[in-house]
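Protein chains in written order, with my numbering: chain A, 1 to 287; chain B, 1001 to 1318.
Note that these hints are calculated values from the structure, not bench results. Please read these numbers as outputs of a predicted model, since none were measured by experiment. Among these hints, one or two may not hold up.
Claimed, not checked - Taking beta-carbon pairs under 10 Å as the criterion, some of the chain A residues facing chain B (in silico):
#1 LEU24
#2 CYS28
#3 LEU84
#4 PHE86
#5 ALA129
#6 ALA137
#7 GLY206
#8 SER210
#9 LEU214
#10 ILE217
#11 HIS255
#12 GLY256
Positions of the beta carbon are idealized from the N, C-alpha and C atoms, including for glycine.
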Amino acid sequence: MSWLTKLKTKVGSLGKRETTPDTLWHKCRGCGTMLFLKDFNANLHVCTHCGFHERIGPAERFAQIFDDGVHERIALPATPDDPLKFKDSKKYVDRLKEARASTGETDALVVASGRIGGVETILVVQNFAFMAGSMGAAVGEGFLKACAIAVERHAPLVVFTAAGGARMQEAILSLMQMPRTTLGVADLKDANLPYIIVLTDPTTGGVTASFAMLGDIQLAEPGALIGFAGQRVIESTIREKLPEGFQRAEYLFEHGMLDQVVHRGDLRKRLITIISLLMRPQKSAAA
Amino acid sequence: MSTILDFERPIADLEAKIADLKASVKAVTAGPNSMSTEVAKLQTKVDQLLVDTYSRLNPWQKTQVARHGDRPHFSDTVDRLIDDFTPLAGDRAFAEDAAIIGGIGRFNGRAVMIMGHEKGRDTTSRLKHNFGMAKPEGYRKAIRLMELANRFAFPVITLVDTPGAFPGVQAEERGQAEAIARATEACLNLSVPLISVIVGEGGSGGAVALASGNRVMMFEHAVYSVISPEGCASILWRKADKAADAADALKHTAQDLLRLKVIDRIIPEPMGGAHRNRDLAITTMGQAIEQELGSLSSLKPAELKADRRARYLAIGRI
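Whole structure, please, built from the sequences with the hints as guidance.
Printed below as a string of C-alpha cells:
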C-alpha cells in the first residue's frame, strides 16, 4: 500500500459517521438527534430517543451476547485473495487491502465460541464494515468452518447476518457460496443442532437467498432491511413507489418470514431462553 | 424475422445476398450455372465468416448470443427429447408460476422429472412466462417436484435459462430469498441424480436454485454469473455502458467456468450458435444428458448426495 492510500485510509476512518468533532456526541441516523456518545454506547448503539439500531461490528456483538462477553475467536481457513484477478474502477486486491486496514479483520465474517446462558455456543457475525459484509470464498469457508466446529462440539450456531449480498469481485465463485453454505446448514440439521439466525441491517441478495433464510429460528433487529432484490432494482422494474416499510424487519414479520423482531436490549436474554429450551429440554426452571 | 446481433451483421448481409441470388435463379429458367457457382462461393464465405466470428466471441458477445430469442427453450427441448411429457403445475400454496415449467415424462425410455425456466418467444408468451423470471411460487413448485422425484426415484433434469429471479414487491413479500434458499437446499438433498444444463442465461440466485446438481453442463455460448454485466457495470463502474468491461471481468463464459471447475462439461453448439439450428443443439444436449446420467447410474442414493456435496465443497478451494 502506498503512503498516499495509507493516509487516505486514516483520513477516511477519522471521518466515520459516529464521531463528531469532539467525539463526545453521536448523531442518530434515524432521527438526527445528537446523543451523548457515552449514553449511546451504554444503550448498545441504539438511539435512546427513537430506538434506531445502528450497525455494529463483531467485537461489540460478541461483547453484548456472550456471558460476560467472554469468548474465543476461531481461526478461519485461508482462501485465495483474488482468484479471478478482478478489476473494475479499482483492483479487487486494493479494495481488500483497504477493508483490512480499516477494520483490522481479514474478511467479512468472524466466528467465536463462548457461552450463552451457560451453554457453549458458536457465534458467527458478518461485518458490514468489511466490503458491505459481502460473501466471497472467505465468508463461505468461514461459515462452513463455524458449522463444522458447532457439530464437533455439539453446540448451537447463532448467526448475525449483515451483507449487501454476494461479493461481485469474486463473480461466479461468490455465487457458488450459496450452495456451499447451504451444505453447512445441512450438517447442523443432520446433527439436530439449533441453527438460529438474527438478521441485522442490512441483509440482502445472495446471503438472504442462502444460509440467512434457512434458520430453525429466524429473529431480526427492529428496522433491519432484509430482502432479496435491491430497492432500486425493484423500483425500476415495477415503475412505482415502494410501500411504506417495505423490506423492513417488521414488514417481513407481518408477511410470515420471521419468528420475532427483537430489540437489541432483549436479544441476549431471548437467545439464552431459546438456546436453553432447544439444548436443555429437560432442565428444570430453577436450575 | 429473427433477431440479428450487431456482430452478426456481415453474415446476415451475405445471407441476404444469397437469398436474393437464389430467388433470381428461380426466376431465370435458363442457364443457372454461373449463378449457382456464385451462390456456392458466397455460401463458403458465409460459413467461413461464421467460423471466424463464433470462434472468437468475446464475453459480451456471448452474453448477447446467450439471450438470443431463437435459442432452444424449455418447451422446444421437451418437445424433442421427452415422450409422454406430463406437466405438473402449482406450488399448492399460492399460485402457478409459468416462469418455471416442470413435469414427468420419458427420456430415452426412462421416467424422469424435468423442469426449467421458460422465457417465451413472442410477446404474449414472454409475458405469460414473465421472461423466465420466477417468483417464490415457481421455486416452491420446483421444490415440490424435486421431492416428488426423490420419492419415486426419478432422475431430475433441470434446464436453466433466466435473467434472474423476479425483482418485485409481491415476490419479496412472499419470500423470494427464502424460496431460493429452500430450492437450493432441495437440490442438495436429492437422493437421485440431478443433471443441470445452463442453456442460455444462468442469472444468479435464480439459476443456482435449480442448478445445484451432480453434474452441471453449459452450452458453448451460454453464460452463468452472479450478476448481469449491465448490473455489475452500474454498481461497480456506476455506468451501464461499461457492460462489455464487466462481462470480461465476470468470467461468466462456459470456457471460463469449465476452467474454474464450476461446470463439468461444455455442450458444443452448431456453428454460428444454437439459435441457427435449435434441433441439432437440442439433440447434442440430449446426448450429453444421457451420458452424464449413465455416469451416475451406478451410484447409490447416499453416494449421489455425497457426490454433490464433494463437488460443491471442492469449488474454489486451494
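Against the structure, the hints come out as follows:
no. : hint   : in the structure
1   : LEU24  : 36 Å, violated
2   : CYS28  : 27 Å, violated
3   : LEU84  : 5 Å, holds
4   : PHE86  : 6 Å, holds
5   : ALA129 : 19 Å, violated
6   : ALA137 : 5 Å, holds
7   : GLY206 : 5 Å, holds
8   : SER210 : 5 Å, holds
9   : LEU214 : 5 Å, holds
10  : ILE217 : 14 Å, violated
11  : HIS255 : 5 Å, holds
12  : GLY256 : 8 Å, holds
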